[in-house]
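Chains as they are written, first to last, in the numbering used here: chain A, 1 to 57; chain B, 58 to 604; chain C, 605 to 976.
The set of hints was computed from the structure by calculation and includes no laboratory data. Among the clues, some could well be false.
Stated by the list, open to error - Far from chain C by the CB rule (all over 12 Å, computed), these chain A residues:
#1 Ala-10
#2 Glu-26
#3 Leu-40
To be verified - Simulated pairs of lysine to aspartate or glutamate, DMTMM-like, Cα-Cα distance not exceeding 20 Å:
#4 A:Lys-6 - C:Glu-685
#5 C:Lys-884 - C:Glu-754
#6 A:Lys-29 - B:Glu-593
#7 A:Lys-23 - B:Asp-267
#8 C:Lys-781 - C:Glu-754
#9 B:Lys-602 - C:Glu-685
#10 C:Lys-884 - C:Glu-769
#11 B:Lys-602 - A:Glu-26
#12 B:Lys-602 - B:Asp-492
Beta carbons: idealized from backbone N, C-alpha and C, even for Gly.
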Amino acid sequence: MWDVVKSVLAAFFGVQQDQRRRKDFEQGKAGAFILIGILLALLMIVIVFVVASMAAG
Amino acid sequence: MAPKSPPKATLEHSQSASGSAAAHHVEERHYRSGPLRWLLTTNHKEIGSLYLIFSLSMFMIGGAMALIIRLELFQPGLQMVQPEFFNQMTTMHGLIMVFGAVMPGFVGLANWMIPLQVGAPDMALPRLNNFSFWLLPIAFTLLLSTLLMPGGGPNFGWTFYAPLSTTYAPPSTTFFIFALHMAGISSILGAINIIATILNLRAPGMRLMDMTLFVWTWLITAFLLIAVMPVLAGVITMMLLDINFGTSFFNAAGGGDPVLFQHLFWFFGHPEVYIMILPAFGIVSVIIPTFARKRLFGYASMVYATASIAILSFLVWAHHMFAVGLPLVAELFFMYTTMLIAVPTGVKVFNWITTLFRGEITFETPMLFALAFVVLFTIGGFSGLMLAIAPADFQYHDTYFVVAHFHYVLVPGAVFSIMAAVYYWLPKWTGHYPDERLGRWHFWLSVIGVNLLFFPMHFAGLAGMPRRIPDYALQFADFNMASSIGGFLFGFSQLLFIWVIVKCVRGGVKAPASAWEGATDLEWTVPSPAPLHTFETPPDLRGFKFH
Amino acid sequence: MRKMFTLAALLASLDSSYSISHASDWNMPVGVSQVSRDVYGLHMIIFWICVVIGLIVFGVMFYSLYRYRRSKGAKAVQFHEHTTIEIVWTAIPFLILIAMAIPATATLKDMYDASESDYDVMITGHQWRWQYDYMGEDVTFFSNMSTPREQIAGTEEKGEHYLLEVDQPLVLPVDRKIRLLTTSADVIHSWWVPDLAVKKDAIPGFVNESWTRIEEPGIYRGQCAELCGKDHGFMPVVVHAMEQEQFDAWLAERKQEAAAEAGGVDREWALEELVERGEKVYATICASCHQAEGQGMPPTFPALAGNQTLMDDLDRHIDVVVNGVSGSAMAAFSGTLSPVDIAALITFERNAWGNDTGDAVQPADIQALVSP
Chain A
1 MWDVVKSVLA AFFGVQQDQR RRKDFEQGKA GAFILIGILL ALLMIVIVFV VASMAAG
Chain B
58 MAPKSPPKAT LEHSQSASGS AAAHHVEERH YRSGPLRWLL TTNHKEIGSL YLIFSLSMFM
118 IGGAMALIIR LELFQPGLQM VQPEFFNQMT TMHGLIMVFG AVMPGFVGLA NWMIPLQVGA
178 PDMALPRLNN FSFWLLPIAF TLLLSTLLMP GGGPNFGWTF YAPLSTTYAP PSTTFFIFAL
238 HMAGISSILG AINIIATILN LRAPGMRLMD MTLFVWTWLI TAFLLIAVMP VLAGVITMML
298 LDINFGTSFF NAAGGGDPVL FQHLFWFFGH PEVYIMILPA FGIVSVIIPT FARKRLFGYA
358 SMVYATASIA ILSFLVWAHH MFAVGLPLVA ELFFMYTTML IAVPTGVKVF NWITTLFRGE
418 ITFETPMLFA LAFVVLFTIG GFSGLMLAIA PADFQYHDTY FVVAHFHYVL VPGAVFSIMA
478 AVYYWLPKWT GHYPDERLGR WHFWLSVIGV NLLFFPMHFA GLAGMPRRIP DYALQFADFN
538 MASSIGGFLF GFSQLLFIWV IVKCVRGGVK APASAWEGAT DLEWTVPSPA PLHTFETPPD
598 LRGFKFH
Chain C
605 MRKMFTLAAL LASLDSSYSI SHASDWNMPV GVSQVSRDVY GLHMIIFWIC VVIGLIVFGV
665 MFYSLYRYRR SKGAKAVQFH EHTTIEIVWT AIPFLILIAM AIPATATLKD MYDASESDYD
725 VMITGHQWRW QYDYMGEDVT FFSNMSTPRE QIAGTEEKGE HYLLEVDQPL VLPVDRKIRL
785 LTTSADVIHS WWVPDLAVKK DAIPGFVNES WTRIEEPGIY RGQCAELCGK DHGFMPVVVH
845 AMEQEQFDAW LAERKQEAAA EAGGVDREWA LEELVERGEK VYATICASCH QAEGQGMPPT
905 FPALAGNQTL MDDLDRHIDV VVNGVSGSAM AAFSGTLSPV DIAALITFER NAWGNDTGDA
965 VQPADIQALV SP
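Could you put together the complete structure from these sequences and hints?
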């Protein structure tokens, strides 16, 4: 699970080692990546919103 | 552009019809030469050509409207047209260029090249493909005909903010809505077709991460299209109801909300901006490695960056609305997300440049256009970064600075990438190389013209010139004169483009299957010109070197 | 924060056209308020950041194009993907953006704090003029573009402030916090004065808030920034900032005028008197749509000259002007024009361009209709 999160974060960041990527594509399940991707995207929205709220005071 | 001679009937075709009389009839209709063949074709190459020809015609019509605008703005004062007509020109120019030229241009390239690049015999849904295309000429004929209607055509800008586009709109607005609905349906169907083709028809052995970036960017673009075109359909349907059925979605007097229109429009509109640029990223990412004779520096990063941009594109829409009086938290949220989107965009530019580094570079016409894309799109990206700063945006918003910004990303951005693609794939389409000398003339005239046209607009905007005005104060005169001269230079250079294409279709230096030395993708394994039917049996990809 | 702006000002001074308060020809004006200077500072910082990044990126690019040409005998070196480099070029822009977001957030918060104002002005956008209402002072007026049509058509030489001049500017005192409330009576407009760094959309059904504190007396010019129809290019904004004493005198004078105007409702007006006044109202308010000779622009703006419904049905004519026509571009003028102006206008329309009805509508009748 943690590996999936790390891979998705790497994808968000746009940087991933080639061999890890190969491993993900060969062994990982697409559904898990998509689910984690959606969750992390929502998390990002929440984080930016919280930062904006705090900045707005 | 596809070969003109009808192909030989195959066994498959005669089997598909039931009964021998019917079979005879079907075949005759299928291989008819003349206009009906083009009307009824289900071949991805022919439909691709139709899309591209349509896109080019719309580019010329929308361009002629831009020249009317530039002619009026050549000097202060009203000389050529009245404000009502001027507003119709700015509106129609925007609508035609976005929905009629750029989007169909990319769809045409997708039709031609995606099956060739993934080793598929055709698009997954060929009849749907035919329907998607033929909706467009109908939609745009209807849209253009509104100019002749009483009260004139749409005059409320391509963003058609309510209530100017509802309560205060000309009677022809209902036709505008209908036309846009048709163009939207065409886009959605096209997108479904592209996704189905990419996900289902890849040649055995080709994994997702083996696909070219053009295919990748189109796959992501197609998802964006499916996500946002229904939002556009929804918002124009609400307009339709407000205009004709007495509802008050956007009418404040009836309890409606004009700002709701803008939220809905830009929730569609911002991803739409990326719909017009992601396939351009794909094209450039294919062309630069070819002429640098070096593989793309970060293929996976490029794919990821495209996906990041696509996701972020849904979270930034309100940066078009910084001046509408959003709450402070919303302004900050959209400022931060907008700044974030600069990061994956930067990753792309860095990747292209690192691909050039230590390459073996030659400067054929497609490469020239791709390189100009990198430089000029980046300039458009810089002004985009400036626009993201909300406090400063209060000064930039709705001025010529914004006009300069989005034209830099759309003209030397999206349009140059389409031109690069045309020069790059013309040998595959026609079997001849485009005239290199004319291509260079076309390139240099376009680059000089486009910069003379759009660069002074930055200054005009910063100095305080609002957009969409038919006449302006005297201090903006010099910038506008320069822009107009650049506009005419750029506009008339495109006649050269048409001439290059016509010449190339008619003949020229014969191109081999692999027309460019550094090109490695799958389309270069089929003969030039590509026969009407390719990859009827999937290619054997064992040992094929992907990108 | 301040330090940052000093830096920006320093960088900005590299630009030869830089000046303290006047709009430069090439760049954003520095303006005449603290907010406008802050905005200018942000603009110059982000501009120079872009220039520096651009020089580096394009520098590497053009070096590669020059150095690694095949005609110079370059041979491609196959390398790709380098995790460290990729992390660096993702992280650096990210850090630059955070550094940029901090001052931008501070300025934005400042711009949003319209509390504790000294004066409140309600700005209402109309097609195609601005209305200013000094709240609590009983002073309200329209501000129309005063550039003659002949200058636009080119039959007369264009003046210095071509398209940026009005009959009555918004008059404001300097060194006072002015709260600007923007709204609209018809379509969306946007009230913009570059020297104040204030641009706020005027939206029907909404009241938006912004503020300014002008530091130097002077005349500051801007324009409507949101496409609002045919004459969008012809609705300038002019702000005349003056010292407090002058402003007080001006305000007192306006109040007197308003009182005198109110007295006109009760007396009987002669036909000629009404027509004469109505002609002026028509020219400033109605002519942009219904045209100078009442010929209109059908089908959107109907003709008034020779309009049989108008001539036959006085009540309907009054109703249309007072209450507008819902679902069309015809606005209700009961809230924006005085009863005297409405009566004069209707009388003029019924007696001009061959509409010889001879009707004289009295201001008192309109007054009764508007506030029974």
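Consistency of the hints with the structure:
1. Some Cβ of chain C comes within 12 Å of the Cβ of Ala-10 of chain A; the nearest lies about 10 Å off, and the non-interface call is violated.
2. Every Cβ of chain C is farther than 12 Å from the Cβ of Glu-26 of chain A; the closest lies at roughly 18 Å, confirming the non-interface assignment.
3. The Cβ of Leu-40 of chain A sits about 16 Å from the closest Cβ of chain C, beyond the 12 Å cut-off, so the non-interface label holds.
4. Taken as a hint, the Lys-6 of chain A and Glu-685 of chain C pair is honoured in the structure, with Cα atoms around 19 Å apart against an allowance of 20 Å.
5. With a C-alpha separation of about 17 Å, the suggested pairing of Lys-884 of chain C with Glu-754 of chain C holds against the 20 Å cut-off.
6. A hinted pair counts as satisfied when its Cα atoms are at most 20 Å apart, and Lys-29 of chain A with Glu-593 of chain B does not qualify at roughly 32 Å.
7. Between Lys-23 of chain A and Asp-267 of chain B the alpha-carbon distance is near 15 Å, which keeps this suggested pair within the 20 Å criterion.
8. Under the criterion of a C-alpha separation no larger than 20 Å, the hint pairing Lys-781 of chain C with Glu-754 of chain C is inconsistent with the structure, at around 39 Å.
9. Proximity of Lys-602 of chain B to Glu-685 of chain C is assessed by CA-CA distance (about 17 Å); at most 20 Å being required, the pair is judged to hold.
10. Of the supplied pair hints, the one linking Lys-884 of chain C and Glu-769 of chain C holds, its CA atoms being roughly 18 Å apart against a limit of 20 Å.
11. Between Lys-602 of chain B and Glu-26 of chain A the alpha-carbon distance is near 19 Å, which keeps this suggested pair within the 20 Å criterion.
12. The straight-line distance between the Cα atoms of Lys-602 of chain B and Asp-492 of chain B is roughly 30 Å, outside the 20 Å bound, and the hint therefore fails.
Violated hints, in rising order: 1, 6, 8, 12; the structure is consistent with all others.
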